[in-house]
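Student: As they're listed, the protein sequences go chains A and B. What the first sequence shows, in the numbering used here, is residues 1 to 415, in sequence order. What the second sequence shows, in the numbering used here, is residues 1 to 389, in sequence order.
Keep in mind the hints are simulated off the structure, nothing from the lab. Each residue gets a CB set at the ideal place from its N, CA and C atoms; glycine is no exception. One thing to keep in mind: the hints can contain errors.
As the list claims (entries may be wrong) - To give an idea of the interface, some chain B residues facing chain A are shown, with a C-beta separation under 10 Å as derived from the structure:
| no. | residue |
| --- | --- |
| 1 | P196 |
| 2 | E244 |
| 3 | L269 |
| 4 | R319 |
| 5 | L322 |
Stated by the list, open to error - Heads up, incomplete: computed chain A residues facing chain B, CB under 10 Å, no partners named:
| no. | residue |
| --- | --- |
| 6 | E58 |
| 7 | S59 |
| 8 | Q169 |
| 9 | V199 |
| 10 | L204 |
| 11 | N205 |
| 12 | L206 |
| 13 | H223 |
| 14 | L225 |
| 15 | P269 |
| 16 | I279 |
| 17 | V286 |
| 18 | P289 |
| 19 | R368 |
| 20 | D372 |
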Amino acid sequence: MSLAADPAPATPLLRVRELTKHYPIREGIFQRVAGHVRAVDGVSFDIMRGETLGLVGESGCGKTTLGRCVAGLQSVTAGSVEFGDTGNIDTLDPVQYRAFRRNCQMVFQDSFASLNPRHLVIDLVGRPLRVYREASGDALTERVVELLEQVGMGRQHLYRYPHQFSGGQRQRISIARALALNPELIVLDEPTSALDVSVQAQILNLLSDLQRDRSLAYLFITHDLSVVRHMADRLVVMYLGRISEQGPTETVFDNPQHPYTRALMDAKPDIEADPDVPIRGLEGTVPDPARPPRGCRFHTRCPVVTPNCGWEIDDVARWLDDTGDVLAGLSGVERRSDFNGRFTFETDAEAARLEDALRSEATPPPMRAALDRLERQGASVDIVFREVGEVPLTQRGPRHEAACVLDPTLIQDRP
Amino acid sequence: MLDAPRNAPVAEVNNLKVYFQAKRGRVHAVDGVSFEIRNGETLGLVGETGCGKSVTGRAFLRLLPVPPGILAGGNVTFRGADGESHDLLTLSDAKIRAIRGDRIAMIFQDPGKALNPTMTVGQQVSEVFLQHRSKELLERAGLASASGPIQRHARQSERIFDGLLLKLPGYRRHRQKLQSALNAMVCEALAATQVPNPAKLIDRYPHELSGGMRQRVMIAQALACNPDLLIADEPTTALDVTVEARILELISELQTARGTSVLYISHDLSLVRRICDRTAVMYAGRIVEIGPSGDIFRDPRHPYTRGLLAAIPTQAAPRGGLAAIKGSVPELIDPPEACRFAGRCPFATDACHAHDPELASVVGEHSVACFIHYPPPSGTRPSFDRETA
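Go ahead and model the full structure; you've got the sequences and the hints to work with.
Tutor: Right, here's the structure in full:
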């Protein structure tokens, strides 16, 4: 197991450094770029040979985009993905790129969408072999049968179409196709979330057996914590395009250091856990990834938020929009920076109402504490928050990192 | 909750059979299902894809497509708060319309599909009130004795010239009054589901809302008339875990406050264990095990239930060593007289392939349909000690 500490770590199979993927938002008839959705925003991690790295997070946190970038299915905006001892996969020459594509395969969530409904199983599984001129004719058939047998299917399935199989069998076909070229890394994008538990168990067992036999590395993307706890050696927890915590699976589960990881665990307890402990959810929704919150991106929903978590002008709108009509009569917002802005209202009374709301209990105490300046001049209110940079990942234990300000060395004036 | 007085159950399903006509024969989607939902309890209905749990749930509201569906037998009896009991499968269309959404409501799996994309949230929630609470609505608007067109407008049953009449100044004022009373009722219903700023939400369209928010709108719609029975068909499957937990909290809060009984349909065992008082496990159109949740999860008696629980990945199970159930669900086209699980069961004997087990009580209310717990009519009896496969 990779948990064993070794003094001179081997070179990783895959190195991801500061990977960033932004999707442009286009508007108007000229399709002018109006902003960017920051799907993945500066993510770094390694995958060792033969190891399973679990990637968890809610929908929209960028985990699928990250998987597609790693598999080379999506160009990256910035940062690098380095595979083996070759360089960044974006700058490989065609020969090296072909070698990379052989060595890194992908299994998708929806096996209906990822298997061509007009192709027979022999074409689907044999396609990679044909493309890379590995086999043809009878040899190809034999190779495909061999692959099907490895995933628990057989010769009788060769000449059938995908719709003739159940969801579990289709996922087996996808896995056989991914195995065809003997890859070193397989990106598994929610491979079992469309399956029933009894079938999920079959597929997870199959994946574990294949990994043991072939010393495969997996990037296992899922939202299911019990699956990832069972499968992964190491865990990366993502929120809104950034890593909030990473470390060896057991360490993270036993001692989660980020409030978001803790929230995920409280929301979905194990079947083994005490059924009388109530499940707890999170308030609010995931903020817009086109304008991710400053500081810690989780601060808008965090149950243990502090004044140092990056309160900003947008939070005034986020909080007060939901509490009655404090922002009624707002005529303009002048933003000097993300932390400094002026709200202008139509009348003095409306401005006074915002000022009062920001000083009252309606505003969360950490947000009030983060206010450096709150001044009303006639119909406008000046608001200045404490400036806070991105919260970096900090060491929490051996190979265990979390991006949270709740750490004695980082925080001075915790209320 | 289990100690609550056991008065008459709010609904009883008796030997329900729903078949679907396919080219190759009749698919026995639900084949002789019987259970009761007690007053104020949450009954969990768990099973894998295609086991008939959703069809059973939809039978309560007669939302089954007939044809190709065939209601082949059995009945679903509903006893409302008024004490009257109805057989939901044979009730007239007008009467079932009066019950649907008023006395029995449903929350669907995918709020994105269950809400109408062309109507605002306010319009959709107000439909419930217009259909079932028009009298109360007119009273709140102070229009209890208003004339015909307004009355009909409040019931959503306008006649051909009512549209024109309602544009006349006198009627228009009444209509505006009605609309503001309606908005107030909708806001109250939405506020009960803890949505921030319901007044703003009313004018939004479903696509503008997040998944959790849409599900809240659907819950508001379902609970608007304080139903006696709520059918929740996988209400949180499409949601993220953190949102799922909030929605579950909300459903159980509203349930406790209003005394609604809930039929909770789900494939997620760990969830059902937490929120349901009793659990019924379905397999291939049959209930194989039913009983108090505590008993079922502490001491599962049916090999299928045991298999399902063992298949959930846990920390303790060695990697690659999950106890998967072999094979897949059998085709349900004209199934033979045998235990449906016999083909996949590690303990099956010849008796299991020749006879059909029936639900029988093992301990108290915990019932199982398996020959391990009572002797089959003939042949060898299976037991947990011997494994055949």
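Student: The structure should be examined with respect to each hint, and the outcome stated for every one.
Tutor: Consistency of the hints with the structure:
Of the supplied interface hints, the one on B/P196 holds, with its beta-carbon coming within about 3 Å of a beta-carbon of chain A, less than 10 Å. Interface restraint check: B/E244 against chain A, minimum CB-CB distance 7 Å, threshold 10 Å, status holds. Checking B/L269 against chain A by beta carbon gives a least distance of about 6 Å; that is within 10 Å, so the hint holds. Among the interface hints, the one on B/R319 holds; its C-beta lies about 5 Å from the nearest C-beta in chain A, closer than the 10 Å criterion.
Interface hint at B/L322: satisfied, since its Cβ lies 4 Å from the closest Cβ of chain A, which is below the 10 Å cut-off. This hint holds: A/E58 has a C-beta 4 Å from the nearest C-beta of chain B, less than the 10 Å allowed. Given hint, A/S59 at the interface with chain B, holds; its Cβ is 6 Å from that chain's nearest Cβ, closer than 10 Å. Evaluation of the A/Q169 hint against chain B yields a held restraint, the C-beta minimum of about 8 Å falling below 10 Å.
The closest approach between the C-beta of A/V199 and any C-beta of chain B is roughly 7 Å, which is under the 10 Å cut-off, so the hint is satisfied. Interface hint at A/L204: satisfied, since its Cβ lies 6 Å from the closest Cβ of chain B, which is below the 10 Å cut-off. For A/N205, the interface hint holds, the least distance from its beta-carbon to any beta-carbon of chain B being 5 Å, beneath 10 Å. Interface restraint check for A/L206: the shortest CB-CB distance to chain B comes to about 8 Å, inside 10 Å, so the restraint holds.
Given the 10 Å rule on beta carbons, the hint for A/H223 holds: about 7 Å separates it from the nearest Cβ of chain B. Interface hint status for A/L225: upheld, as the beta-carbon distance to the closest one in chain B is roughly 8 Å, under 10 Å. About 7 Å separates the beta-carbon of A/P269 from the nearest beta-carbon of chain B, less than 10 Å, and the hint is met. Here the hint on A/I279 is kept, as its CB sits about 5 Å from the closest CB of chain B, short of 10 Å.
For A/V286, the shortest C-beta to C-beta distance to chain B is roughly 8 Å, which falls under 10 Å, so the interface hint holds. For A/P289, the interface hint is violated, the least distance from its beta-carbon to any beta-carbon of chain B being 13 Å, above 10 Å. Because the closest C-beta pair between A/R368 and chain B is about 19 Å apart, greater than 10 Å, the hint is violated. At its closest, the beta carbon of A/D372 sits 27 Å from a beta carbon of chain B; the interface hint therefore is violated under the 10 Å criterion.
In the structure shown, a violation is registered for the earlier hints numbered 18, 19, 20, in ascending order.
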